[in-house]
Amino acid sequence: MNYEEKPYSKAFIDFAKDKPEVLCISADLTGSCEIDKFRDQYPDRFFSMGMAEQNMISVCGGLALEGFKPFIHTFAVFLYRRAIDQIICSIAYSNRNVRLMGFLPGLTTPGGITHQAIEDIAVFRSIPNMTVLETGDATEVETVLETADSINGPVYVRVLRGNVIRLFNTPFKFNQIRKLSSGEDIAIISSGITTEEAMKAVKVLNDFGIKITSLHVSTLKPFNKKQLLEELKNIRSGIITVENHTIIGGLGSIVSEIIAEENINLPLIRLGLKDTFAHGASLKYLMNEYQINTMAIVKACEKLLDISTNIDNEDIDNVEINDMTVNSNPEDL
Amino acid sequence: MWQEEARRVALGIRRKVFEHSIKNNGGYLSQACSSAEILSVLYVKALNIGDSIGPPIPLSFAGTPGKDNPKSFTGALYHGEKNSYYDRFIISPAQYALIVYSALIETGRMSEKALSHYNKDGSSVEMIAAEHSPGMEVTTGSLGQGLSQAAGIALGRKLKKDTGKVWVFISDGELQEGQTWEAFNLISHYKLNNLKIIIDKNRQQCDGEMDSVLKIEPITEKIKTFGLQVIDVDGHDIEQINNACTVNPINSGLVIICNTIPYRGMYYLKKYSPKLHYIKFKDDHEKNELIKEIKKDLYED
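These protein sequence lines map, in sequence, to chains L and H. Add 348 to a position in the first sequence, counting from 1, and you land on the number used in this note's numbering. Add 18 to a position in the second sequence, counting from 1, and you land on the number used in this note's numbering.
Simulated from the structure, these hints should not be mistaken for laboratory data. Please note that the accuracy of each hint is not assured.
Result set (DSS-like, lysine-lysine): computed pairs, CA atoms no more than 25 Å apart in a straight line [stated by the list, open to error]: (1) 179/H / 365/L; (2) 179/H / 417/L; (3) 569/L / 89/H; (4) 365/L / 417/L; (5) 521/L / 85/H; (6) 179/H / 367/L; (7) 651/L / 632/L; (8) 176/H / 417/L; (9) 417/L / 313/H; (10) 417/L / 89/H; (11) 367/L / 89/H.
Not the full set, but computed from the structure, chain L residues with beta-carbon under 10 Å of chain H [what the hints assert, rightly or not]: (12) 393; (13) 396; (14) 402; (15) 407; (16) 410; (17) 411; (18) 414; (19) 499; (20) 518.
Note that the coordinates shown come from a computational prediction; the quantities given were computed from them, not determined experimentally. Even glycine gets a Cβ: it sits at the ideal position worked out from N, Cα and C.
Generate coordinates for the entire structure from the input sequences, incorporating the hints supplied.
This is the structure:
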């Protein structure tokens with residue numbers, strides 16, 4: 349598989365270097381959010397605001413009022429858990445162009461409860477004027493900045509850091525669902541790091557003749573309802589949503605709301621944290637523990653189809669998705 | 019003489035707030051008492067701002083700001099044109115709205131008739147102001163956020179090399195919010211010497227006297243320790259206020275602590291201590307007594 353080391357670090361420099369109105373804001377997590385190289389190369393547009401998130405958010409509201417575009421970098425949890433009132437009153441109400449770059453989404457940290465942003469999408473989605481984006485691979489991390497920058501109003505982005513897998517070869521496209529495979533049996537709708545799992549599940553299930561429409565969502569708010577409904581038209585047996593987040597208020601809830609309002613008569617299984625906190629451990633362990641991995645998706649498919657495939661962990665470990673073709677046109681990826 | 023005008027405006031603010039509160043059976047009277055001279059000096063003398071470009075009678079609420087609502091407007095229009103050399107004035111305690119509206123009227127920035135829209139359904143002249151309300155540029159009713167937003171504006175204006183200053187009016191109760199001290203740190207760290215902070219130190223908050231709710235004193239020493247330049251003044255002495263306003267700090271923001279009395283100019287209100295935040299009348303007898311006594315202060319001297 350193809351991985352990219354610290355894609356955000358280079359992407360932010362490329363994006364921001366010739367944009368004097370873009371300011372890089374840090375809350376004492378500069379290296380951890382991969383903006384240390386930007387700081388060293390463009391110190392005049394780097395502002396360290398310390399461990400003081402409430403003040404930082406309001407200050408950025410003021411900077412945006414003056415025509416600047418502050419990109420705030422910190423761990424996602426510290427944005428909305430520590431400073432939600434400031435996000436609402438100093439930024440969102442006024443529709444200011446502040447970009448909230450949230451690192452360590454969901455279970456992508458062994459930091460446990462204090463570091464795992466598992467209800468961020470639910471919170472941000474409920475705030476008027478807020479746009480919510482989530483990256484699922486290195487390409488999306490590299491290209492989400494232009495998308496976020498093009499939006500009039502505040503944007504929250506779930507950013508992946510470190511060694512990030514590359515799944516897609518086309519840039520982040522605002523409010524466009526990526527179709528990764530076509531099939532009439534089941535629709536799998538995934539976001540963030542769970543898309544890699546969904547792609548593996550699709551591949552392993554294809555060998556059993558199970559035909560799956562696999563959709564990757566990277567714009568959670570607004571949500572492209574029309575495109576989703578189009579894709580669900582020919583699905584026979586059910587829908588699975590999978591997300592690196594609690595099933596309350598995130599992707600699973602979004603799809604639930606749409607199928608309820610539109611009378612889509614299909615069973616739905618929501619994979620994600622089931623109204624529980626997680627704890628500190630490895631990503632692989634946690635994804636299995638909280639059932640958001642490939643095996644969980646396979647089991648959900650079996651349940652919807654009322655079959656048993658006997659696919660085991662070894663089968664899943666042997667799946668390669670680096671050809672990025674998964675039964676579909678590469679343009680869709 | 020600006021002094022004469024400032025005194026007239028201060029008295030006008032107290033009268034307006036008093037008359038309005040009587041008509042509405044209650045109001046933010048003590049805030050008018052404590053801040054009348056501060057706002058009058060700022061609007062009459064200290065602020066370098068243009069004439070109001072807001073409609074004399076404020077527009078109806080036009081919806082909240084957002085990309086799909088081009089009709090939303092800002093209350094900053096009443097502080098004049100926005101450019102690189104004019105000052106900006108941010109009001110943090112949006113609960114002072116009635117006092118700010120009265121100051122705008124007294125200084126000719128808004129029509130007398132604007133107050134008839136106060137707290138009326140569909141109006142932008144709201145009881146607790148938001149950024150569409152006259153005189154407001156940012157939304158600050160959740161206390162502690164005005165100073166940080168003003169600091170962001172000051173930092174932004176420094177980056178743009180604007181010559182105009184940023185003024186922010188805050189209440190002493192906001193010093194209980196941790197965010198305020200986070201902001202002092204930032205102002206000091208980034209040497210925001212284009213920022214002037216005016217504190218109405220009336221020692222009151224919603225529950226009563228600050229010292230009984232949660233003591234923050236010694237305020238002056240604490241803020242100095244954070245690296246800002248602090249000047250203490252009698253907040254009812256217009257010369258003292260103005261002199262402090264002319265100070266231009268070099269290395270940090272300037273803080274002017276205006277020591278004020280929450281029943282200054284309406285001495286009968288002392289009876290309500292320590293519940294001065296929002297004055298309500300129990301019955302007509304009480305109301306008539308208050309009217310009689312306060313009228314002596316406001317109209318007979």
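Evaluation of the provided hints:
{"no.": "1", "hint": "179/H / 365/L", "in the structure": "20 Å, holds"}
{"no.": "2", "hint": "179/H / 417/L", "in the structure": "17 Å, holds"}
{"no.": "3", "hint": "569/L / 89/H", "in the structure": "23 Å, holds"}
{"no.": "4", "hint": "365/L / 417/L", "in the structure": "13 Å, holds"}
{"no.": "5", "hint": "521/L / 85/H", "in the structure": "19 Å, holds"}
{"no.": "6", "hint": "179/H / 367/L", "in the structure": "17 Å, holds"}
{"no.": "7", "hint": "651/L / 632/L", "in the structure": "23 Å, holds"}
{"no.": "8", "hint": "176/H / 417/L", "in the structure": "15 Å, holds"}
{"no.": "9", "hint": "417/L / 313/H", "in the structure": "52 Å, violated"}
{"no.": "10", "hint": "417/L / 89/H", "in the structure": "23 Å, holds"}
{"no.": "11", "hint": "367/L / 89/H", "in the structure": "29 Å, violated"}
{"no.": "12", "hint": "393", "in the structure": "9 Å, holds"}
{"no.": "13", "hint": "396", "in the structure": "8 Å, holds"}
{"no.": "14", "hint": "402", "in the structure": "4 Å, holds"}
{"no.": "15", "hint": "407", "in the structure": "4 Å, holds"}
{"no.": "16", "hint": "410", "in the structure": "2 Å, holds"}
{"no.": "17", "hint": "411", "in the structure": "4 Å, holds"}
{"no.": "18", "hint": "414", "in the structure": "3 Å, holds"}
{"no.": "19", "hint": "499", "in the structure": "8 Å, holds"}
{"no.": "20", "hint": "518", "in the structure": "26 Å, violated"}
The structure is inconsistent with the numbered hints 9, 11, 20, although it conforms to all the rest.
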